[in-house]
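Q: Generate the whole structure from the sequences, applying the supplied hints.
Read top to bottom, the protein sequences are chains D and C. Mapping the first sequence onto the numbering used here, position 257 (from 1) lands on 257, and the numbers just tick up by one. Mapping the second sequence onto the numbering used here, position 351 (from 1) lands on 351, and the numbers just tick up by one.
Hints listed in this document are in silico derivations from the structure and should not be mistaken for laboratory results. Among these hints, one or two may not hold up.
Given that identical chains are not distinguished, each listed pair holds provided it fits within a single copy or across any two copies.
In silico lysine-lysine, DSSO-like type, Cα no more than 30 Å apart, as pairs [what the hints assert, rightly or not]: (1) K130 with K489; (2) K489 with K261; (3) K489 with K263; (4) K130 with K285.
Since we're looking at a predicted model, the values are computed, not measured.
The chain contents come next:
There are 2 protein chains.
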Amino acid sequence: MNGAESLVATLAANGVDVCFANPGTSEMHFVAALDRIDGPRCVLGLFEGVVTGAADGYYRMTGQPAATLLHLGPGLGNGLANLHNAKKACSGIVNIVGDHATDHVRFESPLKSDLEGIARPVSHWVYTCKRSLDVAAAGAQAIAATRDGALGRIATLALPADTAWGPGGAIARVPDRVPLKPADDEAVRACARTLARLGERALLLVGAAGVGERGAPLAAAIARKTGCRVMAEFYSPRTAGGRGRTRLERLPYATDAALDKLKGADCLVMAGATEPIGFFAYPGKPSQLKAAGCALQTLCDARDDVPAALQALCDELGARAVPPDTPTAVDLDALRRASTLDADLIGHALVALLPEQTIVVDEAVTSGRAFGNRFAAAAPHDWLTVMGGAIGFGLPAALGAAIGAPGRPVLALEGDGSAMYTLQALWSIARESLPVVVVVFANRAYRILQGELKSVGAGRARPPEAADSPRGDAHAAASQGVHAVSGPKATRMLTLDAPALDWVAIARGHGMPGASVQTPEAFIRETERGFASQGPYLIEALV
Amino acid sequence: MNGAESLVATLAANGVDVCFANPGTSEMHFVAALDRIDGPRCVLGLFEGVVTGAADGYYRMTGQPAATLLHLGPGLGNGLANLHNAKKACSGIVNIVGDHATDHVRFESPLKSDLEGIARPVSHWVYTCKRSLDVAAAGAQAIAATRDGALGRIATLALPADTAWGPGGAIARVPDRVPLKPADDEAVRACARTLARLGERALLLVGAAGVGERGAPLAAAIARKTGCRVMAEFYSPRTAGGRGRTRLERLPYATDAALDKLKGADCLVMAGATEPIGFFAYPGKPSQLKAAGCALQTLCDARDDVPAALQALCDELGARAVPPDTPTAVDLDALRRASTLDADLIGHALVALLPEQTIVVDEAVTSGRAFGNRFAAAAPHDWLTVMGGAIGFGLPAALGAAIGAPGRPVLALEGDGSAMYTLQALWSIARESLPVVVVVFANRAYRILQGELKSVGAGRARPPEAADSPRGDAHAAASQGVHAVSGPKATRMLTLDAPALDWVAIARGHGMPGASVQTPEAFIRETERGFASQGPYLIEALV
Numbered sequence: 001m002n003g004a005e006s007l008v009a010t011l012a013a014n015g016v017d018v019c020f021a022n023p024g025t026s027e028m029h030f031v032a033a034l035d036r037i038d039g040p041r042c043v044l045g046l047f048e049g050v051v052t053g054a055a056d057g058y059y060r061m062t063g064q065p066a067a068t069l070l071h072l073g074p075g076l077g078n079g080l081a082n083l084h085n086a087k088k089a090c091s092g093i094v095n096i097v098g099d100h101a102t103d104h105v106r107f108e109s110p111l112k113s114d115l116e117g118i119a120r121p122v123s124h125w126v127y128t129c130k131r132s133l134d135v136a137a138a139g140a141q142a143i144a145a146t147r148d149g150a151l152g153r154i155a156t157l158a159l160p161a162d163t164a165w166g167p168g169g170a171i172a173r174v175p176d177r178v179p180l181k182p183a184d185d186e187a188v189r190a191c192a193r194t195l196a197r198l199g200e201r202a203l204l205l206v207g208a209a210g211v212g213e214r215g216a217p218l219a220a221a222i223a224r225k226t227g228c229r230v231m232a233e234f235y236s237p238r239t240a241g242g243r244g245r246t247r248l249e250r251l252p253y254a255t256d257a258a259l260d261k262l263k264g265a266d267c268l269v270m271a272g273a274t275e276p277i278g279f280f281a282y283p284g285k286p287s288q289l290k291a292a293g294c295a296l297q298t299l300c301d302a303r304d305d306v307p308a309a310l311q312a313l314c315d316e317l318g319a320r321a322v323p324p325d326t327p328t329a330v331d332l333d334a335l336r337r338a339s340t341l342d343a344d345l346i347g348h349a350l351v352a353l354l355p356e357q358t359i360v361v362d363e364a365v366t367s368g369r370a371f372g373n374r375f376a377a378a379a380p381h382d383w384l385t386v387m388g389g390a391i392g393f394g395l396p397a398a399l400g401a402a403i404g405a406p407g408r409p410v411l412a413l414e415g416d417g418s419a420m421y422t423l424q425a426l427w428s429i430a431r432e433s434l435p436v437v438v439v440v441f442a443n444r445a446y447r448i449l450q451g452e453l454k455s456v457g458a459g460r461a462r463p464p465e466a467a468d469s470p471r472g473d474a475h476a477a478a479s480q481g482v483h484a485v486s487g488p489k490a491t492r493m494l495t496l497d498a499p500a501l502d503w504v505a506i507a508r509g510h511g512m513p514g515a516s517v518q519t520p521e522a523f524i525r526e527t528e529r530g531f532a533s534q535g536p537y538l539i540e541a542l543v
Numbered sequence: 001m002n003g004a005e006s007l008v009a010t011l012a013a014n015g016v017d018v019c020f021a022n023p024g025t026s027e028m029h030f031v032a033a034l035d036r037i038d039g040p041r042c043v044l045g046l047f048e049g050v051v052t053g054a055a056d057g058y059y060r061m062t063g064q065p066a067a068t069l070l071h072l073g074p075g076l077g078n079g080l081a082n083l084h085n086a087k088k089a090c091s092g093i094v095n096i097v098g099d100h101a102t103d104h105v106r107f108e109s110p111l112k113s114d115l116e117g118i119a120r121p122v123s124h125w126v127y128t129c130k131r132s133l134d135v136a137a138a139g140a141q142a143i144a145a146t147r148d149g150a151l152g153r154i155a156t157l158a159l160p161a162d163t164a165w166g167p168g169g170a171i172a173r174v175p176d177r178v179p180l181k182p183a184d185d186e187a188v189r190a191c192a193r194t195l196a197r198l199g200e201r202a203l204l205l206v207g208a209a210g211v212g213e214r215g216a217p218l219a220a221a222i223a224r225k226t227g228c229r230v231m232a233e234f235y236s237p238r239t240a241g242g243r244g245r246t247r248l249e250r251l252p253y254a255t256d257a258a259l260d261k262l263k264g265a266d267c268l269v270m271a272g273a274t275e276p277i278g279f280f281a282y283p284g285k286p287s288q289l290k291a292a293g294c295a296l297q298t299l300c301d302a303r304d305d306v307p308a309a310l311q312a313l314c315d316e317l318g319a320r321a322v323p324p325d326t327p328t329a330v331d332l333d334a335l336r337r338a339s340t341l342d343a344d345l346i347g348h349a350l351v352a353l354l355p356e357q358t359i360v361v362d363e364a365v366t367s368g369r370a371f372g373n374r375f376a377a378a379a380p381h382d383w384l385t386v387m388g389g390a391i392g393f394g395l396p397a398a399l400g401a402a403i404g405a406p407g408r409p410v411l412a413l414e415g416d417g418s419a420m421y422t423l424q425a426l427w428s429i430a431r432e433s434l435p436v437v438v439v440v441f442a443n444r445a446y447r448i449l450q451g452e453l454k455s456v457g458a459g460r461a462r463p464p465e466a467a468d469s470p471r472g473d474a475h476a477a478a479s480q481g482v483h484a485v486s487g488p489k490a491t492r493m494l495t496l497d498a499p500a501l502d503w504v505a506i507a508r509g510h511g512m513p514g515a516s517v518q519t520p521e522a523f524i525r526e527t528e529r530g531f532a533s534q535g536p537y538l539i540e541a542l543v
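A: See the structure below:
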């Protein structure tokens, strides 16, 4: 067994079942090993950002790290933005990056780069293996490094070519997972006293692990029992939604709106949450969103078993979870007869059209903004959003989620601007015949930035407040009544209409069927067709 | 004038005439400033790798740095691979990267990242501006930092949002360029003695600046006069070629072939070249390619005026440049009647079809390998190749070269694998109506890697020699007669045929017309059509 084979065997022995790969020459021993060792399923991406974003989506659905296979420093660089997103999502990933042979790196060759330097800003753990005999052990260390309590971490293992082709060591085992920290009785009692005493002047802020099927009803029960308010953090790697699931109100993205929500809270009780901070800074506005003098009290850390802590708090308070009300169903026939296709109508239609257990990946930016609450009336589903604000997450995450949850339909909501960053994922989705329906909201603009420009372009020294999205809010900004000063040069930086992107042609070019729609009836028909096909399908919605 | 406006004005005042941009919220002040300040021409890219690769291509044609406009650490990350390539090409680039406001970065927000850490591995100069009043001066420092004698450098300027929106300082001027170091008389005389004494046992190795229209005839004259051998480095950011231009033989990419060429050389006389090092390392083969005991003697550094040093050497030796022989013209009609379309025929046809002063961007990997020497019979042209080995350089560089050399036709040679990395460049080329003909060699495989796999897959402990290309050589490897062991899993990592990429559809999706061809006649007809259109055109050649 050579070093590469010992690594493939070690991944397989420790539950790393999938490898998203974009290999080059220095990774050929790893690729060759795939046919000799019963190792991970390998999924090819034609660009490294596809590979790393897929690993993020995969982890969110499985809780298990996938491996990535990348080609030297520049290949890792191409995957960097989605590693940033995965790091912020606390997704576990084992990056395997081929590098020059250990004796070769001291010379200046074209592909020589500071691989560890590139890895470090997006990795919790970085290690360059120096001997082929150690590769299996280093692989096991990398897998172990992806675990931090309930959270996942990014581990990057650099593999010089000679450690792949030289003799390998024994298959290495990763220690069993450490059980999560149980609820801290003292913290539970203290938080119970705070919530009972302050009532609506306390706010229970719930992090990602508390918005799932187990945690959300418990958090709602605590609010019902004590009169406190309850909110979820704005971002969550995976939120359980739909009929029969308890939906927690989210802290708004916009600074002003968030300040408003947190006004009047004398204490934030933190259940796996972190202190609320603005997405961007704005002149004269605070970065910290809690009111001056507001206390922070910790029920549990995000690394801990957050649902268990919420259950303990319920028990302490004698609170009991109850099923949520069933929201009014959507009248699809009425929508079909409507005349105008816009994002609002699409949102309503999707509520009615969503198959049971769909995984929704939301990177629709301006167009998808209002969808969240409405989907309480949809079939039970999971909702994944970008966690690091770097565009290009959606299509790769849809690929990874579909691989991680076989048989479940996936709906990817994309802006036409955002989908362009990692469109190569369409090919991998088509190749793997995955049941992914992609809806592209084709407004032919960086609409979100048009709003920002309108506001800053008036020559004011201070920019406006942005709203629910990583890159600002066109609608909020426009509604402030700021007079737009957008000349031809700036406008040209924010429009995608000349030439117009033809998303059906792009999809076909990647081997994916699709259709372009401009009426409600056509949108509903094509969406039904897409889900019924149980394969890849792209719908370009001209909105 | 705010900070962003002071920067735009400073760029314009110092000859930075073009900005390749993919802006986000934190760059909106810069975008807004474009309409108020008579600044650089802004070219929008829909992915950051397009932006940075375009800046590389632009510099190679103009010798002037372009600016890039990028959105925080992850946006810079997306541009990293092509910055790596640009750094290895010694192209000058001013990266302007928006960041969070200075008071905001201490908090954990989704887009917070180690921006300087991401920038450092691909930058010679990294600076975060802290005050809006200093932005203009920092911009001037960044421009100055792109200059290192005859070479260009990568300068990355991080601009926290508050330094863009706060009050700006006065427009700053960059000092005049320092004149290049003239030829060192002593070095010239010493090198002249070596070459005259050793004759064919000396090898004059010429770096990038010596392969242009001025340097190459001088180097050839020196060889003629002294009997020494002369070679160019394998890689060069820009090589002048075609009829009437002197073409220097290149040092081979493949380690074995390069060792062979350097055997018998007792001294390498270096004219702006660096010591020859293998692209990859292989077991039992040296990284350093010169023969044991071979001396290195420096005529001049790559930072110096290499053609001037070659001229001085000619003068010292009494050598005189003569025009090269005119090679035999290609019979296009005979090619038109041929039955099989393959890379070889395409190469011959392009020699006949190439318009005067075409800029050829070569990222055809396996398919374009044999083109180099043959193009001596083509019309005068410039030839650009990737310098850092990171795939995804070609289409962005074609965009940047076309912007940098208005009116000149551009021919981009792409593999179907390589073109996928930064295909979004097609849209920018179409939008700017640039005369770029793209030829995609559609072999529907990572053909270069298939060769590597065949070799390493046989279970031998040592990999084979690779040949003329960053990722190995299918043909060379296959011809070694190594028995291939490529099972279904490995094969699946190296083929792009299921589904097949449809490059005409992909082009149409990006607003670019095109055609798919499978016969010599069709290839010639469509290439003529493409060049005649003087606009963007893509030809998918099924080879």
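Q: Among the hints numbered above, which are violated by the structure, and what are their numbers in rising order?
A: Violated: hints 2, 3.
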